Amino acid sequence: MTNSSRVAVLQMTSAPEVEANLATARGLLERARAEGAQLAALPENFAIMGRKETDKVDAAELPGEGPIQAFLGHCARELGLWIIGGTIPLRVENEPKRVASASLVFDERGRCVGRYDKIHLFDVGIPNKDQPERDERYRESATVAPGSEPKVVPTPCGRVGMAVCYDVRFPELFRVLEQQGAEILSLPSAFTAPTGKAHWELLVRARAVENLCYVLAPAQSGLHPNGRETWGDSLIVDPWGQVVVRIADPGPGVAVAEIDRTVQQELRERFPALTHRRFGIAPPAASS
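The sequence shown begins at 1 in this note's numbering and counts up by one.
If you are wondering where the hints come from, they were derived from the structure by calculation, not from laboratory data.
Remember, it's a predicted structure, so these values are computed and weren't measured experimentally.
One or more hints might be untrue.
As the list claims (entries may be wrong) - Here are the simulated lysine-lysine pairs, DSS-like style, with alpha carbons at most 30 Å apart:
1) K97 <-> K151
2) K97 <-> K52
3) K52 <-> K197
4) K151 <-> K197
What the hints assert, rightly or not - Label pairs and their computed distance ranges (CB to CB):
5) I126 <-> T262: 34 to 44 Å
6) P171 <-> I126: 17 to 27 Å
7) S4 <-> I126: 23 to 33 Å
8) G241 <-> L62: 33 to 43 Å
9) G181 <-> P146: 37 to 47 Å
10) D58 <-> Y138: 15 to 25 Å
Built from N, CA and C at the ideal position, the CB exists for glycine as well.
Please take these sequences and the hints and turn them into a complete structure.
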């Protein structure tokens, strides 16, 4: 694995029509590759943002089968690009009314080499202080079955710790990923406009600082046909918590940045906060 590489985050405003979303994603992946990216990350729900929450259940695929997974494999192989496929709905055994919100990693040969199922589900109410009648309520668990296993995937750009959207509010997950060797954190998201405005950048940068990791945070952006508005502001953040690049404009876009794991390792050695922990997960024992 090389120590310096180019990575990309892709921003979308996905709609209910899978084919149209895949066409948009293809164009963004081509742009990322043309800008030298070796790994590109798509946002949460990139292939479908249904008019109803149950639409994703109807569009769910069996693991290893279906047009969305075939699309990701084909793009990865044809473009010679590692792809983190945001999330897609996969069927869950004995759960006919719920799906897994699965983030899949494809290598440059088009092989699926990693899968993470979103663990923390967005069951919340978001108050609107000015217009209480427009409070937003979400119950993701009604149509999504939670995952349970943290996942780190080796890639040519570094070891990628997988997370999705609402997971960002649970720092203990990221401690586990760092303990398992994560150098890059993947965070495909579809943050709501109110929570994005209040917390998105703050949370992404905090997870980078705490774990001295790069964070790739591709996001949904804008007003979707179902009436939901997502925040956007897709980010790549370095291990010191600095925003390296962002997509500030709403709507589809691509942002590419260089990451350097040699610089990251030097930072971890000079600023060894990860070895100073006294609570929770114990740091690795020093080799003799």
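Status of the hints after comparison with the structure:
1. K97 <-> K151: 25 Å, holds
2. K97 <-> K52: 13 Å, holds
3. K52 <-> K197: 24 Å, holds
4. K151 <-> K197: 28 Å, holds
5. I126 <-> T262: 34 to 44 Å: 42 Å, holds
6. P171 <-> I126: 17 to 27 Å: 21 Å, holds
7. S4 <-> I126: 23 to 33 Å: This hint is violated: roughly 40 Å between Cβ atoms.
8. G241 <-> L62: 33 to 43 Å: Holds, at about 40 Å.
9. G181 <-> P146: 37 to 47 Å: 24 Å, violated
10. D58 <-> Y138: 15 to 25 Å: 19 Å, holds
The structure shown violates the earlier hints numbered 7 and 9.
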